[in-house]
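The task is simple: from the sequences and hints, build the whole structure.
Going down the list, the sequences are from chains U and A.
Residue 630 is where the first sequence starts when you use the numbering used here, and the numbers rise one by one after that.
Residue 2 is where the second sequence starts when you use the numbering used here, and the numbers rise one by one after that.
Please note that a few of the clues may not be correct.
[Stated by the list, open to error] Derived, one-sided and incomplete: chain U residues facing chain A with beta-carbon distance under 7 angstroms:
{"id": "1", "residue": "G658"}
{"id": "2", "residue": "W659"}
{"id": "3", "residue": "Q677"}
{"id": "4", "residue": "Y681"}
{"id": "5", "residue": "P682"}
{"id": "6", "residue": "Q689"}
{"id": "7", "residue": "G691"}
{"id": "8", "residue": "A706"}
[Unchecked claim] Sample of chain U residues at the chain A side, in silico, Cβ under 7 angstroms:
{"id": "9", "residue": "G678"}
{"id": "10", "residue": "R707"}
{"id": "11", "residue": "T734"}
{"id": "12", "residue": "L737"}
In case anyone wonders, no lab produced these hints; they're calculated from the structure.
The structure displayed is predicted, hence computed values, not measured ones.
Every residue, glycine too, gets a C-beta built ideally from N, C-alpha and C.
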Amino acid sequence: MDNSKSDVLQGTLDLLVLKTLETMGPMHGWGIARRLEQVSDNLLQMNQGTLYPALLRLEQAGWITSTWGVSENNRRARFYALTRAGRRRLRVEEKNWDRMATMITRVLRSEA
Amino acid sequence: MRRLRILARRLRALFRKGPLDAALDEELRFHLEMETERYIGNGMSPEEARIAARRSFGGVEQVKEIYRDRRGLPGVETLARDLAQAVRTLRRHPGYTIVAVLSLALGIGANTAVFSLLDAFVLRPLPYPEPDRLVLIYEAGMVGGRYSWGSVAAPVLRDWRERSRAFTAIGAFAPGSVNLRSSDGAVRVPATFAEPEVFQALGVPPLHGRLLLPENSTPGLDHVVVLSHALWKDRFGGNKDVIGQTVRIDASDYTIVGVMPASFEFPPRASAALWVPLLTSSVDFVDRGLKRLSVIARVKPDVSVGAARQDMANVSRQLEAIYPNSRVAWLRPLHGDTVGRTALVLIVLAGTVGFVLLLACANVAHMVLARANARRHEFAVRLALGASRWRIMRLLLAEGFLLAMAGGLVGVAACRWALDALLSLPANPLPAGVPVSISWSVLGYCALASVLTALGVSLIPAFRMSRQKLQADLAEAVPSSRQRARHGNLLITIEVALSMVLVIGAGMLVRSLRALTDLDFGFRPENILTVRMSMPPGRYPDVTRLHSFYDRLLERLSGVPGVEAVGLNNLLPIQMTYTNMDFTVEGRPNDRPGYEPFAEHRTVNADFFRAMGIPVVSGRSFTRAENRPGSGVVVISKRAATLYWPNVDPVGKRLAYGTRPKPDRWLTIVGVAGDIKSAGRLGQPPQAILYAPYRDFDFPIQSVSLIVRTTATPASSARAVREAVRELDPDLALYWVSTMEDVIAQSTAGTRFLAVLLAAFSGLAVLLAMIGVYGVMSYVVGQRHREIGVRMALGASRREVLQFVLGHGTRRTLVGIGIGILWAIMLSQAMRPFLIGIGPVDVASQAGAAAVILAVALAASALPAYRASRVDPIEALRHE
Chain U
630 MDNSKSDVLQ GTLDLLVLKT LETMGPMHGW GIARRLEQVS DNLLQMNQGT LYPALLRLEQ
690 AGWITSTWGV SENNRRARFY ALTRAGRRRL RVEEKNWDRM ATMITRVLRS EA
Chain A
2 MRRLRILARR LRALFRKGPL DAALDEELRF HLEMETERYI GNGMSPEEAR IAARRSFGGV
62 EQVKEIYRDR RGLPGVETLA RDLAQAVRTL RRHPGYTIVA VLSLALGIGA NTAVFSLLDA
122 FVLRPLPYPE PDRLVLIYEA GMVGGRYSWG SVAAPVLRDW RERSRAFTAI GAFAPGSVNL
182 RSSDGAVRVP ATFAEPEVFQ ALGVPPLHGR LLLPENSTPG LDHVVVLSHA LWKDRFGGNK
242 DVIGQTVRID ASDYTIVGVM PASFEFPPRA SAALWVPLLT SSVDFVDRGL KRLSVIARVK
302 PDVSVGAARQ DMANVSRQLE AIYPNSRVAW LRPLHGDTVG RTALVLIVLA GTVGFVLLLA
362 CANVAHMVLA RANARRHEFA VRLALGASRW RIMRLLLAEG FLLAMAGGLV GVAACRWALD
422 ALLSLPANPL PAGVPVSISW SVLGYCALAS VLTALGVSLI PAFRMSRQKL QADLAEAVPS
482 SRQRARHGNL LITIEVALSM VLVIGAGMLV RSLRALTDLD FGFRPENILT VRMSMPPGRY
542 PDVTRLHSFY DRLLERLSGV PGVEAVGLNN LLPIQMTYTN MDFTVEGRPN DRPGYEPFAE
602 HRTVNADFFR AMGIPVVSGR SFTRAENRPG SGVVVISKRA ATLYWPNVDP VGKRLAYGTR
662 PKPDRWLTIV GVAGDIKSAG RLGQPPQAIL YAPYRDFDFP IQSVSLIVRT TATPASSARA
722 VREAVRELDP DLALYWVSTM EDVIAQSTAG TRFLAVLLAA FSGLAVLLAM IGVYGVMSYV
782 VGQRHREIGV RMALGASRRE VLQFVLGHGT RRTLVGIGIG ILWAIMLSQA MRPFLIGIGP
842 VDVASQAGAA AVILAVALAA SALPAYRASR VDPIEALRHE
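Printed below as a string of structure tokens:
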């Protein structure tokens, strides 16, 4: 039960990363991971490592870019930022998510 | 679009592996340190914090693996790794690599060269829009009991044009040549006489000016000319202003109306320099028997070629009802008609080089396999360490691929050189003036051949290797399975069979060449100079004046020092065959239509037989006095005598032209001349011929060949003959000046071209087979080293070992020879047009080839057999 919930959430990892970068501005990988854990109240049960292939995929698609910068504790870190294409993508994903959520909610209610 | 960008990024990542990996390491390290610090901040000990950070991160190496796979293109990377490894292997064995690459280069290069010839002469589409809709139309019917097709009479063409519905245009043309007057005297250029409808049918617009127009078919408006691009560039400087200028052609003024684009050629695959209107004179329209036009037509866009054929069949039926005994229309696709003979030569050649490539593949495949076998232990270790069988197969495939690609590259590089060599062979029968280039389609073909070669040389080894038994191979370093020799045996058989086919083919051609040198042409070809000349139309307007000119010319030439006799013929024997004439034999019952007597008709002068050196076997030749209108004499060939006057002396008997002769035109046979060979029929029985004095033939012969028999070398008289002609008429151009021996050489070019090439390629094939047999036998001896040692330890003598090894090779060779002979018989029909004096199944060639191959196979096995007989049993057994 717990597992299947996180599977669904992982499928939307892209959406969460994009949204995080939009609200928080450029962040490094660890920061994104921490933020996701915090806002989901640790409900999002995933290995932090999974984040990196996802970041690579988003970057390859041109939705985020990365640059090397200096972190809050003065260390070299890779910062990810949303691109304009990424912002557009986020709008689309959000809309899809809303539609999906509305639909699922409606189905669940009618069943009850 | 996004996919493309992702692909581009992934491709780029392939070349920046190192820095990217370092960056990933740094990024992940940073993450873990941050996480560790967070846990320390939460009150954990550094050690606990490090472990906790790792736990929450997950497997670092796994993440890296996933990350790397997603970053690059894993397929490409492993492929590159396989190739790199194959390169290393090949570089470690330079001898093996060079031999393999050269054999494959030879095979692929030869195939590419022949394919580029095929492409240029046969496959390349004709340079007209929708060339598939162009057809040639012939008149066909029974002649002398054989169905044949040929040129068309003007009235028949007119009827076709009026009655057919399937064509957008039907036009007549006649290839020929004209005298073009320029500042440095008259030159003879190839020209095509064409009706304006021909250009309409072809559908190619002019580069400058216009095409021939319908009104140019009218006498008086016909002095217009369309230039080819080459002539325009060479003689008129490529100047656009030539349109409207006049040039002097055949002693008349012609207005230049157009220039065709460079790609245009007509007739196809030939190099006409200019096109002038073809006039079918009013005389032509009366005589349905005077057949001298070639006819081209374009089938309407909405009509199939089959339907067009049906349409013409209907037209033929209508005409048959009006003119009994008329022949039927016969459609042939322009492309097929054009490339026919050339295609034959090239197909034989393509088959030959295909065999050479197969041989090369077989050799290299064995080399790859033998080396793979030697590496069985290495492969077994790799498998044991976890390499997949697919990985091992990929290694072998990569090796084959590299060898074939290298072979292909060297082959293409050598191809240009090979082409030049091919085309510059003295007896080249391919039409001149056709550009041969290494085009994209040729390169594509070469790439395809290379890939097939790669598969050919590596599939079998890869397949065998992938099935090897792991334990057995790990256990024994030296494999000794008897089964392993099987592929080698098969290889000997195949290679022997392949080279047998080529050697038999070469043998048949060489024997044809021998037959050719011994061939009795029926005349004495040495010391003859031949020239051809054509009268400008209008220069000698009536038959009498034309013939008087010939009289004067012959008189004048006979007086030239060193000239023994001068003959005149409308068509040069050996070179040209044309007019098949139906005739009637007096007193012979009527044959059914299509089976009437017929013969080649040649108009000659009295000295013709003396100049050619044709013996008169019965009766006599003409006298000079008989060369006059109405003399009514004729000389027939021996073949005609045996065919139509069997068992009687034909001298004094009478015949008449045509199948319904006018009673007053009976001709009396005064003599029988020896048979001569005909053009394109050297290997076949001679044709029946009627010879008539030119003055007794009321048709003006505008083009004639002179046969000048000289006392010294014929070439030395060429100048004197030229001067004599120029004195009589400066507008006359002589062309095709050559010795009779050269004319004969030209007529046998196809056979000699193929003989040279097939001899060369079969030599190569034998060499490849020899290398192959040697390789297999050495391998077998190596593999059975221990077995031989055991045999010798058990008392086998060196002689027995020698016999054992030689017998092993010989049995396979004999099987291969048998298969090769059967195979050669199956393929022999393709050779038939090039054979002279022998049939397509030639036992002598087969026996000769078998002897050669057997000797070569024995020679190739000799060294391995000797080595086997030198095996030291003690040393061999110690290997255990």
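Are there hints from earlier that the structure breaks, and if so, what are their numbers? Hints 11 and 12 contradicted; others consistent.
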